[in-house]
Amino acid sequence: MVHPIVKLWHYPICRILLKRIKGIENIPVKTPFIIISNHEKLIDPLLIYYPILKKLNKKIHFLARPTWWFLGETICRKWAGCIPIFSSEQAFSEMKEYLKKGEIIGIFPGGYIKSKIRIPKSGAVRLALETNTRILPIGIKSSYIPFNAAMNIGKLTYLNKSKKSFDRQIKSLMKEVYELKGNVS
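For the record, in the sequence shown the residue sitting at position 167 is 167 according to my numbering, with numbers rising by one throughout.
Please keep in mind that the hints were generated in silico from the structure rather than gathered at the bench. Just so it is clear, CB atoms sit at the ideal spot from N, CA and C, and this is done for glycine as well. Take the hints with a grain of salt, since some may be wrong.
[Claimed, not checked] Capping the alpha-carbon separation at 20 angstroms, the derived lysine to aspartate or glutamate pairs in EDC-like fashion look like this: (1) LYS30 with GLU97; (2) LYS121 with GLU94; (3) LYS101 with GLU40; (4) LYS30 with GLU130; (5) LYS175 with GLU89; (6) LYS58 with GLU103; (7) LYS30 with GLU103; (8) LYS55 with GLU103.
[What the hints assert, rightly or not] Each pair of labels, with its calculated beta carbon distance range: (9) ASN183 with SER93: 17 to 25 angstroms; (10) LYS96 with ASN160: 18 to 26 angstroms; (11) GLY182 with TYR144: 16 to 24 angstroms; (12) ASN57 with SER162: 33 to 41 angstroms; (13) PRO12 with LYS161: 42 to 50 angstroms; (14) LYS164 with LYS41: 17 to 25 angstroms.
My request is simple: use the sequences and hints to build the entire structure.
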């Protein structure tokens, strides 16, 4: 269960910021699954939390760059449930453990917030294939302006080990994410 304090401040903030959420019915009741999304603003993880928290009352364990760890391990890892990326092997190991426990992982394949579009990393595809876990794509238009942010939740994607490379599969998934983002208003 998510920390009760989160609900006290999280719900009101997201209700003020989010104008629309499409596809809430696509959030699976059964876990584990991996969420992939575009990343525009620092508030994106909180906005993505909102429909998941409302429907499932579960944490999302987002990958976090170590630069955020100045807040302390208690806040980042234990309270927020973040997974630090000190090395690929360490992050993959932790994500696999969370998925084995039926938890939800959140990944921004395009990486951190930048003005230019980056080539997405294929770790989400690799993780999904190695753990036989489904992927939930979410397109998000972020904003700090009240009633201006919106998100579109896609349908669960089951990956199969095909001839497609990890890179081609993540590019296809991120194309879907950006299409969801474009169809949000």
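Notebook entry, point to check: Looking at the structure, which of the earlier hints fail to hold?
Noted result: The structure conflicts with hints 3, 5, 9, 14, although it agrees with all the remaining ones.
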